[in-house]
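Participant: Read top to bottom, the protein sequences are chains A and B.
Quick note: the first sequence uses our numbering, first residue 129, plus one each step.
Quick note: the second sequence uses our numbering, first residue -16, plus one each step.
Bear in mind the hints are in silico, worked out from the structure with no lab data behind them.
Note that the structure is a prediction, hence the values are computed from the model and not measured.
Ideal placement from N, C-alpha and C gives every residue a C-beta, glycine not left out.
Warning: the hint list may mix true and false statements.
On the chain B side, residues computed to face chain A include the following (Cβ under 7 angstroms) [claimed, not checked]:
#1 25
#2 38
#3 41
#4 80
#5 83
#6 84
#7 87
#8 203
#9 311
#10 312
#11 314
#12 315
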Amino acid sequence: MLLLAFDTSTPAVTVALCGDHGVLAQSMDVDARRHGELLAPAIARVLAAADAVPGDLTAIAVGAGPGPYTGLRVGLVTAATLADALGVPAYPVCSLDILAAGHAGPVLVATDARRHEVYWAAYDAAGLRVAGPSVDRPPVVREWLEAHAGYAVLGDGALLYADEFPDNMIPEHPRYPAASALAHLVLPDAVAGLDPEPLTPIYLRRPDATPPGPRKQVTPA
Amino acid sequence: MSTGPLILGIETSCDETGVGIVRGSELLADEVASSVEQHARFGGVVPEVASRAHLEAMVPTVQRALRTAGVTMREIDAIAVTAGPGLMGALLVGVAAAKAYALALDKPLYGVNHLAAHVAVDTVEHGALPAPCISLLVSGGHSSLLLVEDVTRGVQHLGATVDDAAGEAFDKVARVLGLGFPGGPPIDRAAADGNKSAIAFPRGVVRDAPYNFTFSGLKTSVARWVEARERAGEPVPVADVAASFQEAVVDVLTARAIAACKEYDVRDLLIGGGVAANSRLRALAQERCDKAGVRLRVPRPKLCTDNGAMVAALGSLMVSCGVEPSTLDLPADSSLALVRV
Ligand SMILES: [Zn+2]
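If we strip away everything but chain A, and leave its shape as in the complex, we get (with noise of 0.2 angstroms):
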């Protein structure tokens, strides 16, 4: 098994390779306007760094967001494209999962969306996702804390509006989801041979544009 992980999901390109015992080699960039210079890049690194070539690769593993669409996008095709190309399967997962890994305990994960808006979702004590992934403003997160006690708080999300996640916050906690997280993650499923779901992107957020209202007169009335 050779696993090939990336997510494009926040301002940090992450990716990893591995293999039967274990993680090869990775890399991060922190870049959120140039993910589409830094992938395929440091995909080429990180394979170079186990001596590896792409035909080597037998599964491939992608951060499906929710994250801000362009960068997504970036990881979701190249995931796509490399698959197509390699005669792969490629195995998309919530980006979500991948920063709650690892956590044992209920936790609400939460990340930056913009426009006073996080992405969160929330994990019981097993793992399992409970809530979301969503977006919303940060009260209705608290108020759903509110409602489901004992959750730990962790992500960009739940720092950026620390006024609304005041008790539960775990500060100390990877900013970015790491593609060694993702590889661990989807490894069970592709050494069983499972088929994948689809590469959809989680965008959440329908684009904006509205149909033009009734034609505006260019003459003074």
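Using the hints provided, position chain B with the ligand relative to the given structure of chain A.
Facilitator: Positioned in the frame of chain A, the structure of chain B with the ligand alone reads:
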């Protein structure tokens, strides 16, 4: 069967996901998935809608192109992709896809200029490009007059629109006339029954820039003329308005193109872009070229609109001319400069 490199071309600068395959200068496949219907109710291309559609269409369109061409992915010698100009989010989908194919197949990647590709596509239809030539590119996204010496090295901008693209003017006037989106084909059809001299719409001139275009004043004066009729309770002669508006646009486009041919002493004019499908533009350009002793080349309409074949055609020329390939950090550039040295 022609020889030469087998090139896969990817185009996603606007609302068409185009994938083309050429071998040398022989066109093997030209597959396009358009999201135009998703934009119709907005009256123009919505960038985010286009970008989402590119992501969905990418792999299926590549697969279709390979099937049509009867080649396998492994046989491809190089990947070419539109790096700009165009809509940033849309370009990025194609560029990322092209990089992944280049990486996976271990083949060179060529980032190409969209406007140069509009010029290069004519090689698959009419053979080698005359050098130099003047090129008039008119579509919903661009209106440019170019001097082309060597299309693989770049093209020189003589002029461009300073406001609306020509195709955009067609879209906006079509909306005023209630003819739907995109506006080019219905205006062309309506104009066929109209009198092109019925209304003297203005020909926009940009001061101190003889090869620039301006269409926003024309669009406004059409709207004003129609509104005056509506206010007076008179019927709007749609065919005459369409024909007179269309004449104003193509008169300016062809006059500037011929003037450029004369000034630069160039004997060949090449017209491309979606508006090149306009029947009156083709007719008037032919008439004026004949009079000026200029040879006119217009690719068939399917090759004039955005497509992957044009990108593959330019990529093929670049490979043949020994142009250095791009690196994997190739950026998408929404305002890509036209001349690369
Ligand atoms: Zn174009």
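Participant: If a hint holds in the structure, say so; if it does not, say that too.
Facilitator: Hints, verified against the model:
1. 25: This hint holds: residue 25/B lies near chain A, its Cβ roughly 5 angstroms from the closest one there, short of 7 angstroms.
2. 38: Holds, because the Cβ-Cβ distance from residue 38/B to chain A comes to roughly 5 angstroms (cut-off 7 angstroms).
3. 41: holds, 6 angstroms
4. 80: Residue 80/B check passes; min Cβ-Cβ to chain A is 5 angstroms, inside 7 angstroms.
5. 83: holds, 4 angstroms
6. 84: It holds, given that the least Cβ distance between residue 84/B and chain A is near 5 angstroms, below 7 angstroms.
7. 87: holds, 4 angstroms
8. 203: holds, 5 angstroms
9. 311: holds, 4 angstroms
10. 312: Constraint on residue 312/B satisfied, holds at 5 angstroms.
11. 314: holds, 5 angstroms
12. 315: Holds, about 6 angstroms.
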